[in-house]
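This is what each chain is made of:
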Amino acid sequence: MCDDTEESSRYDSARLSQARKDARDLKPADPSAAHVKIESLPDGAGHRLRLGGRWTNTGLHAVLHDLEEIGRDRAADDLEIDLSDIAAMDVAGAWMIRRLARTVEANGHAAHLSGGEGRFQELIAVLPDKVEKAEEPSETRSLFTRLFEPVGKLAYSFWGDFLSAMHILGSAVRGAQMKLGRASGVSPASVVNQIDHMGVKATPIILLMSFLIGAIIAQQGAFQLRYFGAEVFVVDLVGILQLREIGVLLTAIMIAGRSGSAITAEIGSMKMREEVDALLVMGLNPVGVLIFPRLVALTIALPLLTILANFASLFGAAMVAWGYSGITFAVFLQRMHEAIDLSTIVSGMIKAPFMALIIGVVAAVEGLKVGGSAESLGLHVTASVVKSIFVVILVDGLFAMFYAAIDF
Amino acid sequence: MDDNTASQETAERETILSVRDLTVGFGPKVVLDNLNLDIYRGEILGFVGASGTGKSVLMRTVLRLLPRRSGTIHILGEDYDSLGEEERMKLDMRLGVLFQHGALFSALTVRENIQLPMREYLDLPKWLMDELALLKIEMVGLAADAADKYPSELSGGMIKRAALARALALDPDLVFLDEPTSGLDPIGAAEFDELIARLRDTLGLTVYMVTHDLDSLFSVCDRIAVLGQKRVLVEGTIEDMLEFDDPWVQSYFRGKRARSIVPQDRSKTSQALRHGLK
Numbered sequence: 001m002c003d004d005t006e007e008s009s010r011y012d013s014a015r016l017s018q019a020r021k022d023a024r025d026l027k028p029a030d031p032s033a034a035h036v037k038i039e040s041l042p043d044g045a046g047h048r049l050r051l052g053g054r055w056t057n058t059g060l061h062a063v064l065h066d067l068e069e070i071g072r073d074r075a076a077d078d079l080e081i082d083l084s085d086i087a088a089m090d091v092a093g094a095w096m097i098r099r100l101a102r103t104v105e106a107n108g109h110a111a112h113l114s115g116g117e118g119r120f121q122e123l124i125a126v127l128p129d130k131v132e133k134a135e136e137p138s139e140t141r142s143l144f145t146r147l148f149e150p151v152g153k154l155a156y157s158f159w160g161d162f163l164s165a166m167h168i169l170g171s172a173v174r175g176a177q178m179k180l181g182r183a184s185g186v187s188p189a190s191v192v193n194q195i196d197h198m199g200v201k202a203t204p205i206i207l208l209m210s211f212l213i214g215a216i217i218a219q220q221g222a223f224q225l226r227y228f229g230a231e232v233f234v235v236d237l238v239g240i241l242q243l244r245e246i247g248v249l250l251t252a253i254m255i256a257g258r259s260g261s262a263i264t265a266e267i268g269s270m271k272m273r274e275e276v277d278a279l280l281v282m283g284l285n286p287v288g289v290l291i292f293p294r295l296v297a298l299t300i301a302l303p304l305l306t307i308l309a310n311f312a313s314l315f316g317a318a319m320v321a322w323g324y325s326g327i328t329f330a331v332f333l334q335r336m337h338e339a340i341d342l343s344t345i346v347s348g349m350i351k352a353p354f355m356a357l358i359i360g361v362v363a364a365v366e367g368l369k370v371g372g373s374a375e376s377l378g379l380h381v382t383a384s385v386v387k388s389i390f391v392v393i394l395v396d397g398l399f400a401m402f403y404a405a406i407d408f
Numbered sequence: 001m002d003d004n005t006a007s008q009e010t011a012e013r014e015t016i017l018s019v020r021d022l023t024v025g026f027g028p029k030v031v032l033d034n035l036n037l038d039i040y041r042g043e044i045l046g047f048v049g050a051s052g053t054g055k056s057v058l059m060r061t062v063l064r065l066l067p068r069r070s071g072t073i074h075i076l077g078e079d080y081d082s083l084g085e086e087e088r089m090k091l092d093m094r095l096g097v098l099f100q101h102g103a104l105f106s107a108l109t110v111r112e113n114i115q116l117p118m119r120e121y122l123d124l125p126k127w128l129m130d131e132l133a134l135l136k137i138e139m140v141g142l143a144a145d146a147a148d149k150y151p152s153e154l155s156g157g158m159i160k161r162a163a164l165a166r167a168l169a170l171d172p173d174l175v176f177l178d179e180p181t182s183g184l185d186p187i188g189a190a191e192f193d194e195l196i197a198r199l200r201d202t203l204g205l206t207v208y209m210v211t212h213d214l215d216s217l218f219s220v221c222d223r224i225a226v227l228g229q230k231r232v233l234v235e236g237t238i239e240d241m242l243e244f245d246d247p248w249v250q251s252y253f254r255g256k257r258a259r260s261i262v263p264q265d266r267s268k269t270s271q272a273l274r275h276g277l278k
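If you're matching them up, the sequences are chains A and B in order. Residues 1 to 408, numbered by UniProt numbering, are exactly what the first sequence covers, in order. Residues 1 to 278, numbered by UniProt numbering, are exactly what the second sequence covers, in order.
One or more of the hints may lead you astray.
Pulled a few chain B residues facing chain A out of the computed Cβ check, cut under 7 Å [unchecked claim]:
1. S106
2. A107
3. D123
4. E131
5. E138
6. D171
7. L174
Here are the in silico distance ranges between beta carbons for each label pair [to be verified]:
8. B:G141 with A:K37: 35 to 41 Å
9. A:I350 with B:F26: 50 to 56 Å
10. B:E85 with A:S269: 33 to 39 Å
11. B:F105 with A:N107: 36 to 42 Å
12. A:G160 with B:G255: 50 to 56 Å
13. B:P186 with A:S164: 57 to 63 Å
14. B:G183 with A:I345: 57 to 63 Å
15. A:P204 with B:G141: 54 to 60 Å
No wet-lab data here; the hints were simulated from the structure. Don't be surprised by glycine CBs; every beta carbon is placed ideally from N, CA and C.
So here's chain A without its partners, still in its complex pose (with noise of 0.2 Å):
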């Protein structure tokens, strides 16, 4: 357990806080808060407790160190309690009322209420004699469990997750074949309106950042080339970089932050309010109905926003040229017409419907892992973009290196 003032401490930090506590502040003044008086009672028959003020829950504080001093100093004497003077209760203060008295009784001396409405009395007495805390298990792991538990953990979550990876694959395909009763297994709308969402929306980021990595690219290239008076070459340069592999790659983290966090929270959010039980037991497959949908438009729309991509990369790439290093546009295309052929720009759309499907897979699969609460969506949609942008990389390091391996 944390200690107390920590606690408080970390709560008090909170934005709203500083209100609260200037209005808390205010309580020890007020004459209204509660407070104890102890007096001897004559024949040493033990002590009388005259309680007053308001024993509620914002009063009560006055009084918490008075009552812990009574109850270790008092507790072998028998004990008078004295409500008269109390003005308002609640089930704060009367649990600590409730509470003194079982100390006493528990030391075997009797404690006994007087005085005071009828209602603080009986409220008193509603009150369990003491509250059953559950019991934690308490683990004794020795420390080399604990050093590898947590990476057993995550080798058995990367092996489930790679499981439901090609489960959600497998039942996409077979899910789109089950529907009895209608020719074709996939509803061409819902894939026509992902591909809006996926593909048409996303034209103008895609577009404007393409431009502006290209230009990047040109205007680092042509300082560089400039020493060996190679300017022209910049052209290979951008050209290659962004066919083979910027274009694509770069396209595919967009869509995965822009994209792939959707789907998860979409088939997240459906998880949480129990939708996708409901498409189960009609019997449909939600990997069919919900994933495979925005599987294919993924897999149409990343390809397609890669070739735009890749025509306002070079733009930007031929304004740069023109602007710095007087490269003109009919220079550029004739350059880029000996430096690039045509498997360059296969290799690199070859990879683009591959990142589409780990985006789509990986989304879908962390959006069927979302539990009940809220915090574990904003979890899983984070899991989902950091996840997919991760093996889109290494997918694109494993392209580069088949490549090579086969001289394309």
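Given chain A's structure and the hints, the job is docking chain B onto it.
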């Protein structure tokens, strides 16, 4: 005679919530029109009305979650609009709300849910807040091991109870319950009703309860208000409801579903009910 003294009693009691000439609307649509409502200390007011008549709108307006076009609302004798920030906070501390679907914070356990208002408002040590939270959990009839569960691990009835425990966290004077027994089985609903009546008796709560549960209306509510035609159609005891001449009220309290609960000889019943409540 009897009615007369009862109404005198009512007039003397402290008004906890008073709504005057309240008008609320969205765009061209007026939902509540010059509505008046009073709730007195220590009573349980049942609020009924057909779906879409604005029960929730009224509750949300009273809780200041919705803006109003005109009218005044006095809660616990204070007009919220004329209060400073600190007084508003103090007023908020004296209100508890049970939302229809619980509205428990899903990222916190039941205990943390209950402790959240305590931590924000009260100057109490952690051990005491822990004990108080467990006490509230016990008071609403939840098992102690529910304390460290998350809302997603609870059943519907447990969520209602946990949400009630959170509404009671600061020992409020006035509690708003939005359909507290919807989705509960009849036994659970009856237990919940008893719980609310018991809390009212021991803690001196005042309860504003929106409900469609006829059993709740008949067993725990001291007074009933019917919302219709953009205002409070009628308020009063069950007896008044049964005698009120309005097709909706008649079919509500005398319909097929009510027949098993409303016995034939209603004057005797209402007396018996009133004695039972006292």
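task = Look at the Cβ atoms of P204 (chain A) and G141 (chain B) and judge whether their distance stays inside 54 to 60 Å.
result = The hint (54 to 60 Å, Cβ to Cβ) holds, given that P204 (chain A) and G141 (chain B) are roughly 57 Å apart.
ask   = Is 35 to 41 Å right for how far apart the beta carbons of G141 (chain B) and K37 (chain A) are?
value = Since G141 (chain B) and K37 (chain A) have Cβ atoms about 37 Å apart, the given range 35 to 41 Å holds.
ask   = For the hint on A107 (chain B), does the least C-beta distance to chain A fall short of 7 Å?
value = holds, 4 Å
query = Per the CB criterion, is D171 (chain B) less than 7 Å away from chain A?
reply = holds, 4 Å
query = Given D123 (chain B) was flagged as interface, is its beta-carbon under 7 Å from a beta-carbon of chain A?
reply = holds, 4 Å
request  = Note whether the CB distance of E85 (chain B) and S269 (chain A) lies within 33 to 39 Å or breaks it.
outcome  = Because 35 Å falls inside the window, the suggested range holds.
inquiry  = Does the closest beta carbon of chain A sit nearer than 7 Å to the beta carbon of S106 (chain B)?
reply    = holds, 3 Å
inquiry  = Using the nearest Cβ pair, does E138 (chain B) come within less than 7 Å of chain A?
reply    = holds, 6 Å
inquiry  = The hint says 57 to 63 Å between P186 (chain B) and S164 (chain A); measuring C-beta to C-beta, is that right?
reply    = Given about 41 Å between the Cβ atoms, the range is violated.
query = Is the shortest C-beta separation between L174 (chain B) and chain A less than 7 Å?
reply = The hint is violated - L174 (chain B) has no Cβ within 7 Å of chain A, the shortest such distance being about 14 Å.
task = Using 7 Å as the Cβ threshold, decide whether E131 (chain B) counts as touching chain A.
result = Holds. Min distance 6 Å.
Verdict for I350 (chain A), F26 (chain B) (Cβ pair) under range 50 to 56 Å = For I350 (chain A) and F26 (chain B) the Cβ distance comes to about 54 Å; the hint holds.
Violated hints, in rising order: 7 and 13; the structure is consistent with all others.
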